[in-house]
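Chain A is fixed; fit chain B onto it per the hints.
Read off the chains here:
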Amino acid sequence: DGGITQSPKYLFRKEGQNVTLSCEQNLNHDAMYWYRQDPGQGLRLIYYSQIVNDFQKGDIAEGYSVSREKKESFPLTVTSAQKNPTAFYLCASGGREAFFGQGTRLTVV
Amino acid sequence: ILNVEQSPQSLHVQEGDSTNFTCSFPSSNFYALHWYRWETAKSPEALFVMTLNGDEKKKGRISATLNTKEGYSYLYIKGSQPEDSATYLCAFPLYNTDKLIFGTGTRLQVFP
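One line per chain: the protein sequences are A and B, in this order. Position in the first sequence (from 1) plus 169 gives the number in the numbering used here. Position in the second sequence (from 1) plus 115 gives the number in the numbering used here.
Bound conformation, chain A alone (with noise of 0.2 Å):
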């Protein structure tokens, strides 16, 4: 079946630590984005891609990473230079509309 798979679903991350997140699709889909969302917010644009080897900054990409080796792959890697890690993450997919995985809620213990 064609879709999105983000893994895991459900993380948690120590202080310091640097943690990744799991998007890959099935969709032949070139554009790929990753969203972040607080409780009583939106989802926030932290980094998305137009193209292999090509990734841009969203609005909050600050403490974030990402690499786009394969047009199908696009882990985001939470550094410990983000101040406030906790919330619900998720990654997308697009050409006309945007196509959604599960979603990953990471937690810093």
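Rather than coming from a laboratory, the hints here were simulated on the basis of the structure. Be careful, since some hints might not be right.
Unchecked claim - Computed footprint of chain A on chain B, listed as stretches where at least three residues anywhere in the stretch have a Cβ under 8 Å from a Cβ of chain A:
1. 125-132
2. 155-163
To be verified - Computed list of lysine-lysine pairs in BS3-like fashion (alpha-carbon distance at most 27 Å, straight line):
3. K157/B - K184/B
4. K214/B - K172/B
5. K193/B - K214/B
6. K226/A - K214/B
7. K214/B - K174/B
8. K252/A - K178/A
9. K178/A - K239/A
10. K184/B - K174/B
11. K214/B - K252/A
12. K178/A - K157/B
13. K157/B - K214/B
14. K239/A - K193/B
15. K174/B - K157/B
16. K240/A - K157/B
17. K157/B - K172/B
18. K214/B - K178/A
19. K240/A - K214/B
20. K183/A - K240/A
21. K226/A - K240/A
22. K193/B - K157/B
To be verified - Calculated from the model, a selection of chain B residues having no Cβ within reach of chain A, i.e. all distances over 10 Å:
23. S122
24. T137
25. S143
26. K214
Note that this is a predicted model, so its numbers are computed, not measured. A virtual CB, placed ideally from N, CA and C, is assigned to each residue, including glycine.
Coordinates of chain B only, in the frame set by chain A:
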């Protein structure tokens, strides 16, 4: 930073009531407007992609209108049902890019 604003932030209605909410977006360099429905514990799903001024789209009891000159879109739900309870998001792609800017969403709860 371009703003996409939605109102109200949340809405509680009784089953059978009709309701509507608004998405406001920059009217210059308009390209398209997307509406998404996001149910709890699921992924957001696309409802409509609207591109032309005056567009009206319909899917069952849900419809949407678009005014690109004044920069707003309305989403209407006729005869709300409990299964309509969700957050409704609009998104505005920046002209000639793949960058999608989302509004904060309207959280709808329909009570039986």
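Here is what the structure says about each hint:
no., hint, verdict
1, 125-132, "violated (count 0)"
2, 155-163, "holds (count 5)"
3, K157/B - K184/B, "violated (34 Å)"
4, K214/B - K172/B, "holds (23 Å)"
5, K193/B - K214/B, "violated (32 Å)"
6, K226/A - K214/B, "holds (10 Å)"
7, K214/B - K174/B, "holds (26 Å)"
8, K252/A - K178/A, "holds (21 Å)"
9, K178/A - K239/A, "holds (22 Å)"
10, K184/B - K174/B, "holds (24 Å)"
11, K214/B - K252/A, "holds (25 Å)"
12, K178/A - K157/B, "holds (12 Å)"
13, K157/B - K214/B, "holds (23 Å)"
14, K239/A - K193/B, "violated (44 Å)"
15, K174/B - K157/B, "holds (20 Å)"
16, K240/A - K157/B, "holds (24 Å)"
17, K157/B - K172/B, "holds (24 Å)"
18, K214/B - K178/A, "holds (25 Å)"
19, K240/A - K214/B, "holds (17 Å)"
20, K183/A - K240/A, "violated (31 Å)"
21, K226/A - K240/A, "holds (18 Å)"
22, K193/B - K157/B, "holds (23 Å)"
23, S122, "holds (12 Å)"
24, T137, "holds (14 Å)"
25, S143, "holds (19 Å)"
26, K214, "violated (6 Å)"
The structure fails hints 1, 3, 5, 14, 20 and 26 (numbered hints given earlier, in ascending order).
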